[in-house]
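Using the sequences provided together with the hints, build the complete structure.
Same order as they appear, the protein sequences are chains E and G. Its first residue numbered 1, the first sequence is counted upward by one per residue in the working numbering. Its first residue numbered 1, the second sequence is counted upward by one per residue in the working numbering.
The set of hints was computed from the structure by calculation and includes no laboratory data. Any given hint might turn out to be false.
As the list claims (entries may be wrong) - Residues on chain E that point at chain G, a partial pick, calculated with CB under 10 Å:
| no. | residue |
| --- | --- |
| 1 | Phe4 |
| 2 | Ala268 |
| 3 | Gln271 |
| 4 | Ile273 |
| 5 | Met276 |
From a predicted model like this one, the values you see are computed outputs, not experimental measurements. A virtual CB, placed ideally from N, CA and C, is assigned to each residue, including glycine.
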Amino acid sequence: MYSFEPSDEQKLLIETARRFATDELRKAAHEAEEKKEFPLPLINKGWELGILHASIPEAYGGFGERSALTGALAAEEFAYGDLAGAFAIGTPSLFALPILLAGSEEQKKQHLPAVIAAEWKPYTAALVEPAFDFDPNDLKTTAKAEGSDYILTGEKTLVPFAAQAEMMIVFAKLENETKGFIVPKGAAGLQVQEEREKWMGLNALPFHRVKLDGVKVPASNLLPGDFAPVLDASRLAVAAMAVGVAKAAFEYSRDYAKERDVFGVKVAQKQAIAFMFAEMATEIEAIRLLAWEAAWAIDNKKEDASQKAYLALTGAIDMAMMVTDRAVQILGGHGYIRDHPVELWMRNGRGFATFTGLAMV
Amino acid sequence: MIDFEIPEKIAGIRNVVETVAVNMMRPVSRYFDEHEHEIPWDYINFMHTATRAMGGSSMAASEGKKEGPRFGFQRLAVMVEMLSWGDAGIYLDTPGGMLGSAAVSATGTPEQKERFLARFRGEKPTFDAMCMTEPHCGSDTASIRTTAVLDKEKNEWVLNGEKIFVTAGHKALLDSEGFIVVWATIDPSAGRAGMRPFVVEAGTPGCQVTNMEYKMGIRASDTVTVVLQDCRIPFENILGSPEVITEKSSTSFKGAMATFDATRPIVAAQAIGLARATLELLKEMLAERGVTIRYGLPRQKLTSIEKDVIDMEIMLRSAWWLVLKAVWMMDNGKPNALESSMAKVRAGDVVNRITQKAVEIMGPLGYSREYLLEKWFRDAKISDIYEGTGQINRLVVARQLLGYRSSELR
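Laid out in C-alpha cells, this is it:
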C-alpha cells in the first residue's frame with residue numbers, strides 16, 4: 001500500500017539527526033573546510049547516534065537490522081548539516097557494510113564487533129580509481145589467485161582516512177567481477193601516499209592515493225558475496241546525501257532571497273528568482289522520492305533494486321548540480337564569497353558524480 | 001511506513017484498465033486523431049457499461065467509506081495514467097464526471113452533489129465540463145467577465161458571457177444530459193471575491209455551443225466555445241452554502257483553487273501515462289533496431305541515446321512518485337496545494353521533454369505518422385497548458401515555498 005510517511009521510529013531518527021546536523025555539523029562546517037580538518041570529537045558525537053550500529057545485528061555486536069531506507073533518511077539529514085561531516089562519521093560503514101552484505105560468517109564475526117566499538121575508528125574502503133571512465137563494475141585494479149592467496153595490483157584514489165585506517169576493503173577485478181578484499185594496515189606492497197589528495201571540495205577530510213603493488217592477502221580475506229548490493233548501498237547513500245546538500249542550498253538561498261532588497265521588493269518576489277525556487281524544490285522532492293523508492297526496493301529485495309539505485313544516483317547527480325548552482329546564482333556576488341556556505345555546497349554538489357564509494361547505508 | 005507497493009485492489013483495477021487501453025484505445029488512436037470531432041462511442045459505451053456493472057460512477061474519486069485507509073484519488077490517478085497510456089485524447093472522452101464534477105464535489109452542498117452527480121449513474125453515458133477561460137483571460141482567472149445577476153423576482157440567476165477552451169463541452173451539453181460548471185462574477189468590481197461557480201444543465205435556453213476548435217493534439221476530445229446569453233438558471237444552481245453566496249469574500253475563489261488541488265495531480269497522471277507510453281515505444285523501437293540500454297554504466301561510458309533514455313526514465317519515475325504522493329495526501333486529508341502543483345509542473349515538463357526527445361531520437365521514424373510518437377508529441381503539449389500552465393503552477397509552488405500571497409508574488 002502506497003505511503004510516503006516514515007515510521008514513528010524513523011521520524012524520531014530524522015529529528016535527532018537533523019538536530020545534530022543543524023546544531024553541530026552545520027556550525028562546524030566552515031571552519032573545518034578552511035582549516036582542512038574535521039574535529040574528531042564531533043565525529044565521535046555523530047558516531048554515538050549509532051546509525052551504523054543500528055544496521056548490525058546483535059550477533060555481531062550491533063543492535064538492529066540493516067534498513068537501507070532508514071539509512072538513507074539519516075544520510076540525507078547528516079549531509080544537510082555538512083557533507084564532509086556526514087562522510088567522516090560514516091567512513092567505518094565503508095568497511096562494515098561490504099562485510100555485512102558480502103562477507104562470510106567468519107568475517108562478520110571477526111571484524112564487525114571491532115568496527116562498531118564505542119569509539120569511532122577509521123576503517124575505510126578503496127573503490128574509486130584515478131580514471132575519467134572509472135566504472136565500479138569494470139575496475140582496473142586486479143586480483144589474481146596465487147596458491148591460497150590473492151595478489152592485488154592497481155591504484156586507488158579518494159580513499160578517506162587511508163593513512164590512519166586499521167584496515168580497509170580494497171575492491172578489485174577478479175575474473176571479470178568486482179570483489180572486495182580485506183587489506184590490513186602495513187600489508188606488504190600497500191603504499192598509502194602520505195600527502196593528502198587535494199580536491200575541489202571536502203577539504204576537511206583526509207583523502208589519500210593508495211597504490212597496490214602486488215599486495216598479497218590470504219584467500220580468507222576475499223569477501224565471497226556479490227558486489228551488486230554493496231554498490232547499491234553506496235549509490236543510494238550518495239543519492240540521499242545529494243538530496244541533503246541540495247536541501248541545505250535551497251533553504252539558505254530561499255532565506256537570503258526573502259531578505260535581500262532589490263528594486264523596492266525582496267529579490268524572492270521576482271518571478272525569475274521565484275521560479276528557480278519552484279523548480280529547485282520540485283526537483284529535490286522528485287529525486288528524494290526516487291531515492292526512497294530505491295531504498296524500499298533494496299529492503300524488500302526487489303529484482304530491479306540495482307537499477308533503481310542507479311537511476312536514483314544518476315538523477316541525484318544532476319539535481320544536486322542544478323540546485324547548488326542556482327543557490328550560488330541567487331546570492332549573486334555574495335554567493336561566490338566563502339563567508340556564505342553556498343559556494344562550498346556547489347563545489348560539493350559537483351562531486352556527487354564522483355562520490356560513489358564514499359558512503360554506504 | 002514508507003511503501004512503494006501498489007495496493008492490491010488498485011493493481012487489480014489497473015490490469016482491467018490496461019486491457020481496455022490495449023484493446024479499445026490503441027487500435028483506434030490514429031483514426032480519431034485523423035477524424036477530429038468524431039466521437040469514440042464504442043469506447044464511451046463500453047466504459048459506461050463497465051462502470052455501471054462495477055456499481056460505481058468510476059471516475060469520481062469521492063468514496064462514501066468513512067473508516068480505514070482511503071484510496072479514491074490514488075486509484076483514480078492510477079486509472080487515468082493507464083487510460084492516458086492508451087490514448088490521451090480518447091481518455092478525455094471517458095464518461096462519468098470529470099472537472100465539472102470535481103468542482104461540484106469540492107464546493108457543492110450535499111443536496112447539490114446528489115442533484116448534479118446522480119446522472120452519471122444513469123443508463124446513458126453522461127459528461128460534464130468546466131468553464132473558466134474567456135477570450136481575454138486564461139491563467140488570470142480573477143479577471144473573468146462573465147456575469148451572474150440575480151433576478152430576485154423569479155429567484156433565478158441570469159448569466160451572460162463567453163467561455164472558450166471548454167474541454168468536452170460538446171459532449172456535456174449536446175451529446176448527453178450533462179452539465180457545465182460556469183465560473184462567473186456577481187460583482188465585476190470585486191475581482192476574485194466576486195467569483196462564483198454555477199451549474200448550467202444541458203438544454204438550458206441561452207446556453208449555446210458556438211464553436212469547436214481544431215487542435216494540435218488530443219483531437220479525439222472536443223474543445224468548444226460556450227456562449228451564455230441571458231441564460232437563466234435556478235437560484236439553487238450556485239455551488240456552495242448560502243453564506244458563501246451572499247457574502248463578498250474569496251471563499252469560493254478558494255473553492256476553485258481547492259478544486260485544482262484535487263484535479264492537478266490527475267492531469268499530471270495523464271501526462272505521466274502518455275510519457276510512459278512514449279518511453280516504452282521508444283525502447284521497443286530501439287530494441288528492434290539492435291539498440292539496448294546498458295543500465296548501471298557510468299555516464300562517461302554511455303552512448304548519447306542511452307543517456308537520453310536513462311534520463312527519461314529518471315524523469316518519468318520521479319514525476320510519477322510526485323503525482324502519487326500528491327493524491328496519497330489527498331486521500332489522507334493532508335493539505336496538498338504545494339505537492340499537487342509540484343506534480344503538475346514536473347509532469348507537464350517531463351511529458352514534453354520525453355515526447356520531444358523521442359521524436360528526435362527516432363528521426364524520420366519519429367516524425368512519421370506511421371508511428372504514434374509524433375501524435376504523442378502533439379498530445380503532450382496540452383499537459384503543460386491546461387489545468388494551469390507550467391508557469392502559473394510554478395507561481396503557485398513558489399508562493400507556497402516562499403510564504404507569499406499572490407499580491408506579494410505577482
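Tell me if the interface restraint on alanine 268(E) is satisfied: Cβ within less than 10 Å of some Cβ in chain G. This interface hint holds because 5 Å falls under the 10 Å limit.
Report holds or violated for the interface hint on isoleucine 273(E), using the least CB-CB distance to chain G and a cut-off of 10 Å. Status holds, d = 9 Å.
Was the hint right that phenylalanine 4(E) lines chain G, CB cutoff 10 Å? holds, 5 Å
Does glutamine 271(E) hold up as a contact with chain G if the rule is Cβ-Cβ below 10 Å? At 7 Å from the nearest chain G Cβ, glutamine 271(E) passes the 10 Å test, so the hint holds.
Report holds or violated for the interface hint on methionine 276(E), using the least CB-CB distance to chain G and a cut-off of 10 Å. OK, holds: methionine 276(E) within 10 Å of chain G, min 9 Å.
Against the hints set out earlier in the document, no violation occurs for any number.
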